[in-house]
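There are 4 protein chains.
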Amino acid sequence: MASIFSKFETEMQVRPDDIDMNQHVHNSRYFDYVLAARYDQMERCYGMPMQEFLKLGFGWVVRTAHLEFKRPLGLGDSFIARTWIDSIQEEGVVVHFEIIKKATSKLCCEGYFRYIMVNLESGRAEKIPDWIIQKYSI
Amino acid sequence: MASIFSKFETEMQVRPDDIDMNQHVHNSRYFDYVLAARYDQMERCYGMPMQEFLKLGFGWVVRTAHLEFKRPLGLGDSFIARTWIDSIQEEGVVVHFEIIKKATSKLCCEGYFRYIMVNLESGRAEKIPDWIIQKYSI
Amino acid sequence: MASIFSKFETEMQVRPDDIDMNQHVHNSRYFDYVLAARYDQMERCYGMPMQEFLKLGFGWVVRTAHLEFKRPLGLGDSFIARTWIDSIQEEGVVVHFEIIKKATSKLCCEGYFRYIMVNLESGRAEKIPDWIIQKYSI
Amino acid sequence: MASIFSKFETEMQVRPDDIDMNQHVHNSRYFDYVLAARYDQMERCYGMPMQEFLKLGFGWVVRTAHLEFKRPLGLGDSFIARTWIDSIQEEGVVVHFEIIKKATSKLCCEGYFRYIMVNLESGRAEKIPDWIIQKYSI
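Chains as they are written, first to last, in this note's numbering: chain A, 1 to 138; chain B, 1 to 138; chain C, 1 to 138; chain D, 1 to 138.
Please keep in mind that the hints were generated in silico from the structure rather than gathered at the bench. Careful: at least some of the hints might be erroneous.
No distinction is drawn between identical chains; accordingly, a pair holds when it is met within one copy or between any pair of copies.
Taking lysine to any residue pairs in the SDA-like style, the calculated list, with each CA pair at most 25 angstroms apart, reads [claimed, not checked]:
id : residue 1 : residue 2
1  : K106      : I133
2  : K70       : Q134
3  : K106      : S137
4  : K55       : R44
5  : K127      : Q51
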């Protein structure tokens with residue numbers, strides 16, 4: 001069953017410093033691409049930039065990361081980072097993602113991240129306020 | 001049930017450039033810590049440095065990465081990266097890992113990586129030769 | 001005296017993984033921004049993408065890097081990486097750069113890189129062929 | 001003339017994620033190696049760890065970085081990062097460095113960084129207190 005939540009897309013380009021000794025994008029950089037896409041989409045699509053979040057004393061921390069590598073991205077490749085909320089729990093959200101090479105429309109990497117909302121003061125997980133759940137429920 | 005394969009350990013220290021805006025080790029760097037531990041242990045513990053592998057025309061690519069983040073590492077922390085083979089399949093191996101903060105002996109991150117052996121010429125997955133399986137079966 | 005060579009510009013955006021513990025772009029990433037701008041401009045402005053270079057058996061290595069940090073870039077900032085050739089010597093080129101924050105048009109970092117052309121086979125510096133000098137002399 | 005200040009050394013090892021598409025340590029990582037060496041030496045040699053500095057509301061920012069690349073470091077290489085204070089001015093210090101490959105004792109990279117002491121609250125440069133100058137004057 002498809003997610004009931006909207007899917008959002010961010011277009012980016014591989015930077016030369018992302019390429020590792022195997023001549024492909026270094027595995028851990030896909031992690032960073034998803035992070036960059038979420039920051040972009042929080043601001044542009046959900047109307048809730050991370051900077052506002054931080055000002056309120058909240059932050060998001062990754063509890064689980066799962067990545068399936070399908071095809072490598074290479075030097076100069078443009079790609080789409082598509083992300084969407086799969087589910088919202090009391091203290092966290094599960095965000096799915098796909099990284100798609102623009103030139104071929106082929107899937108390069110997919111997976112999910114489970115984020116927990118934390119109080120930056122205490123470092124502890126916090127129940128997500130309703131107004132934030134509503135912002136995400138689009 | 002415990003793995004039948006040996007567990008090996010590599011001690012490392014967080015570098016200042018690993019710290020991100022949240023004052024903790026950036027999530028994607030744990031990925032790199034496990035990679036560094038495997039390179040060290042391939043040479044030191046399995047007697048099969050990656051450089052030899054590359055000379056033979058073989059490489060390892062990550063198909064799946066799964067990470068559970070428990071506690072953050074911070075500036076200057078020393079840690080143990082413990083890895084072990086969970087299972088060996090025809091074309092790949094599943095490697096589990098634990099990252100443990102040295103000062104507290106507490107688990108900071110754990111998970112697994114599924115690696116596929118590839119022929120560097122063709123880029124295709126290759127059946128792992130018996131002699132390599134034997135090297136790993138310790 | 002102004003350079004006789006053209007100045008080219010590449011627009012980029014700070015990625016969240018570029019931010020370090022001081023909440024600003026990590027110093028060493030400016031290095032990577034200039035590298036990314038050069039790759040972009042080699043292809044788009046000089047008509048000589050790095051990939052072609054590599055196919056010919058040539059590469060560029062950095063001999064000297066000099067960076068003056070004026071103002072930090074922060075989370076989400078867009079910026080212009082402007083680069084231009086200052087001089088061409090027998091075996092290398094000196095490339096100047098400026099990194100300018102888009103929102104304020106203020107200079108954040110400037111400096112230069114001296115690159116040497118090397119033969120990838122031998123790893124040795126090589127006299128730059130005339131046709132390459134001509135490509136750069138715009 | 002030799003510096004009147006002590007030279008300190010930190011031994012480190014190249015991590016696989018430091019290697020770039022040219023099979024050598026990525027240029028910008030030398031920047032990070034010097035940073036790591038300074039953090040280590042501030043604590044171990046000057047008796048003034050960065051964490052204490054931050055608690056006092058002070059930080060160090062790089063104003064100038066100059067690097068001369070002599071020979072590349074490669075996969076698995078151990079190296080010595082030697083740093084020393086060249087001069088102390090009212091608001092900053094100039095720190096010289098050498099990166100030496102351990103297996104050959106050959107110089108791989110050298111240069112200097114000019115750091116300014118800033119008040120973290122205001123972000124402004126601050127006159128270095130005498131007690132800090134004394135800590136450094138060894």
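Evaluated hints:
1. K106 with I133: Neither. Shortest intra-copy (32 angstroms) and inter-copy (33 angstroms) distances fail the 25 angstroms Cα cut-off.
2. K70 with Q134: neither (34 angstroms within a copy, 28 angstroms between copies)
3. K106 with S137: Neither way: K106 and S137 sit 28 angstroms apart in one copy and 36 angstroms across, limit 25 angstroms.
4. K55 with R44: Answer is within; shortest intra-copy Cα gap is 18 angstroms, inter-copy 36 angstroms.
5. K127 with Q51: Within. Shortest intra-copy distance 19 angstroms satisfies the 25 angstroms Cα cut-off; inter-copy 32 angstroms does not.
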